[in-house]
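Participant: Starting from the known structure of chain A, arrange chain B on it as the hints suggest.
For the record, the sequence lines run as chains A and B. Using the numbering used here, the letters of the first sequence map in sequence onto residues -17 to 566. Using the numbering used here, the letters of the second sequence map in sequence onto residues -17 to 566.
These aren't lab readings, by the way, just hints derived from the structure by calculation. Fair warning: this is a prediction, and the values are worked out from it, not measured in the lab. It is possible that some hints are incorrect.
With the C-beta cut set under 10 Å, the calculated list includes, among others, these residues of chain B facing chain A [what the hints assert, rightly or not]: (1) E233; (2) Q322; (3) S558.
From the three backbone atoms N, C-alpha and C, an ideal C-beta is built for every residue, glycine too.
Number of protein chains: 2
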Amino acid sequence: MTYQAPIREIMFNIEHLPPSPEAGAVGGGIELEDVGAALEALGRFCSDIVAPLSRVGDETGARFEGGETVLPEAYTQAYAQFAEMGWQSLPHPEEFGGMGLPRAAAAAATEILNASDLSFGLCPLLTDGAVEALLLTGSDAQKQTYLERMISGQWSGTMNLTEPQAGSDLGRVRCKAEPAADGTYAVSGTKIFITYGEHGLTENIIHLVLARTPSAPAGPKGLSLFIVPKFLVEEDGSLGRRNAVTCVSLEHKLGVRASPTAVLEYDGATGFLVGEENRGLENMFVMMRAARFAVGVQGVAVSERACQHALQYAQERVQSRPVDGSTKDAAPIIRHPDVQRMLLRMRALTEGGRALAIATAGWLDLAKQGDAEAEDMAEFLVPLVKAFCTERSLEVTSLGVQVHGGMGFIEETGVAQFYRDARILPIYEGTTAIQANDLLGRKVLRDGGATARRFAGMVQETEQALQGGNAQAQAVAKRLGETRQMFESSLKWLLNTAGKDLNAAFGGSVPFLMLTGNLAAAWQLGRSMLAASAKLEQGEDTGFMTRKIATAVFYAQHILVECGAENLRITEGSASLGDAALNL
Amino acid sequence: MTYQAPIREIMFNIEHLPPSPEAGAVGGGIELEDVGAALEALGRFCSDIVAPLSRVGDETGARFEGGETVLPEAYTQAYAQFAEMGWQSLPHPEEFGGMGLPRAAAAAATEILNASDLSFGLCPLLTDGAVEALLLTGSDAQKQTYLERMISGQWSGTMNLTEPQAGSDLGRVRCKAEPAADGTYAVSGTKIFITYGEHGLTENIIHLVLARTPSAPAGPKGLSLFIVPKFLVEEDGSLGRRNAVTCVSLEHKLGVRASPTAVLEYDGATGFLVGEENRGLENMFVMMRAARFAVGVQGVAVSERACQHALQYAQERVQSRPVDGSTKDAAPIIRHPDVQRMLLRMRALTEGGRALAIATAGWLDLAKQGDAEAEDMAEFLVPLVKAFCTERSLEVTSLGVQVHGGMGFIEETGVAQFYRDARILPIYEGTTAIQANDLLGRKVLRDGGATARRFAGMVQETEQALQGGNAQAQAVAKRLGETRQMFESSLKWLLNTAGKDLNAAFGGSVPFLMLTGNLAAAWQLGRSMLAASAKLEQGEDTGFMTRKIATAVFYAQHILVECGAENLRITEGSASLGDAALNL
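Only chain A is shown next, with the shape it has when bound in the complex (with noise of 0.2 Å):
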């Protein structure tokens, strides 16, 4: 199973999309090259070492036995070699280990790792939000043990939140974390869906969990957060006792089955409080946007990886003569009209959820540094990525099954796993209903929809550079204006509502979501199309520059065009729905 890390096609986007000239590509010094050479260098690792383990990890999955959680052979190795090569450190400060590299650069990073393989990804992907959380609400002491170590790859991180009565529903978790003498709590309870809960990739394991302490109110507002090491930590930073958090099953699942899903048994294991008491949701939110965030990547990552093996197995399979009569013997399928258009909306669904997800890592960077409206932004982008992107990743490796006819269905032809991977990514890390909710409530609602406008005003002057452009550029900025209007009409219909009717208003989150992320997709490709266009009139690459423009053109035609439903749904579907919900 191949794979080539599509660097200049990245590069361009780090190089392009950042939210505004003054923010520059990369900041702290870092110059392009850098991030361009890394990134070249993590792909040889992704292509070499980590994509062939993709199918043998899926076949041989992770298995318990006999008490143990036992990864494939082949993942301790690429492991290993993993976090030797530093690759875990590349968004981190430098300060604690890390490169420093800039989140746009990171995302890209998350992208190459988990296009050569999801379940592989999805560790160093927890380690990144454990490492998040830890520097923004972990004491110094707790820095100091930990970070480090979890920067190197030399320990992983969790996300301890699901119980079984307590899924989207975290107010129901009842996880106890009793105060023990010495400062400590003994945390005690069963988490589930714990992903890379337990494993033998690396030392330690530094589980994030949400427990509630005896005096804390019901309800969210009573959870705090405590960090359960596997092995408690010496004060030399030596590996003490075996912590009392016991693994006492893995799931069998649909997809991603190399990486282990565990059920955690906690009976009185020791924690320390992170953070300030019952504020543990709050705490856990910062982990969960850099989770969420990085998940909506991985929906761009699966999204390329089916995109390379459509497109190749196109070119080799030879079937049926073309439809214009051009040639009386059969041809290449990727010669026929429909295999055309399946390649094509593979490929600009996942350059959109690219340039969107790169566009967001500028947004959240600018947030770091402080600027109260990149905060306002990258909050109401985020879960645009992490839905958006995975839902449509979806539609894309459906596609990839189908470009491959029957082959596809063949599970050693190997696209068939992405399509199983990818379908927990509309789910896990807050389904989309969840981020849906999220985007319309918390960030369209609660500012009277300040942030939304903002977001279609920077669509607006996208729109009007193109219109300075030639006619193709026209056509798409005219389908941006259609579609930015559209927003704008269920943006208000949307205000009015949840203020008379708010089961209304929540029936078109999930529409809404699709709509806006659609959007900002496009939005960001008709940025990339205004950037290839300087770049071609300078004679500059192209063969590249012409198929980013034809790529932005498609997207606006093709898929830009389902707003209107979506926008139909929310301003005018509101009735039938409500009407056939009391029929349900």
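Facilitator: Then chain B, alone, in the frame of chain A:
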């Protein structure tokens, strides 16, 4: 894994969706009540015996051990009961032991059986197709030899088309048939992807094989159709020697894992020519039309199954407070607006597909009686049933996973299987692109759009009837009218463009099929709405009728609205597709 056949809903469709009042719901002296009673009995058998097999069948799979094909033990018993109860005979002529029920009833039976287990349902489905082909193209002697025992379920049938180099492109078939002195043929070659190509459920397997005689011209017009029985049949009807056809392996598949997909090696196997030499493809098309229609019904079937599971889970799973604050406690997730939206979408797509399939069955019956216009309409509708219902089953089964959240990704929950099983439906018996080419090339361009315009005229009649109804009916009429006009505009564009640029026209073939399928389903739901409104006025079964109406309105406002994007893709997206294809 429970399943309840939706008898009330199915019978409503059979009663109210025949092509015209004159055509009648059922013909040939058969009473509607008898059809209902037969389907209820089948429903009980499927709930009790077949549905519980689907999980075990998926887990065990069809295995190839020591040269033998081994199916799950429970399959053998269930199949024996299926045959003994006479279910295979339901749609076939009484002359050969069949029940002679109309095709709408047969479609309903296919749905019920396949909803309970797609893997199990495939064996009878292929037998039905083979029976159909022999009825229409076999000699009297062939009918006498094979039909009775195929219709009784004692013997099964297969379709042998595909070879490694010949999938969609049957002109590349290489399998050879050498004439022998006794009038038989020696058939040699390799066939792949043969569903139920080898198994022990039945005493004999009647393979229908496309092969090429020595004098045959190259390409699709040199194919002949042969009966190649697994065991040769003696003059007295007893089974003779084993024929030279061997299963050499089974595929490892994403889904329908208990259905054996065989590679068959023919090594001078004794074959009997069906119909004339070199007319095999025409003859096979008879079988393919039946099989394509049935595969479309499989799409409805797996959708219905997914709906039932999602609805049940949503009623039971308690998570989060309702957004409207109507209670402070966590509620069953069916109270959340987006879960309602997903469930309604699943239901509307399923009921729309079913209505389209059962209406099409009526046209097929009319066509069989020699009505040429009905034949054209049936030909127009079958690719819609095949492609639209199966493409939509991907969405419905995906939403079924999504409603279950993280539990949906766990194989033991069972709904991931529906997602995997469904994935073959838009591929086998002709991919969606093949259906779209068939629709556009043979059913639209060939008669200059005459049948398509007749179809639009019938939609318009339903619009007019709905305009005489209440506000809801008028709203559906409005959407139907808008969409019918889009259909007409796409049709006009395609007719104009095909003469100049076939690549451009066929680049719009799948969007055109999806637009037309969507409109056709909405049309049938519009007819359902008219029937349900009349019943409601009479006070009959008000709960059911209210629900039918609500579903039709929801469909028009949330699903039919997707046609706008398809229309834009066809009429305005062609240039961008062509440009981008140059840069693939």
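Participant: All hints are to be evaluated individually against the structure, with a verdict given for each.
Facilitator: Hint check:
This hint holds: B:E233 has a C-beta 5 Å from the nearest C-beta of chain A, less than the 10 Å allowed. Look at B:Q322: its Cβ gets to within about 4 Å of chain A, closer than 10 Å, so that hint holds up. About 4 Å separates the beta-carbon of B:S558 from the nearest beta-carbon of chain A, less than 10 Å, and the hint is met.
Hint compliance for this structure: no hint is broken.
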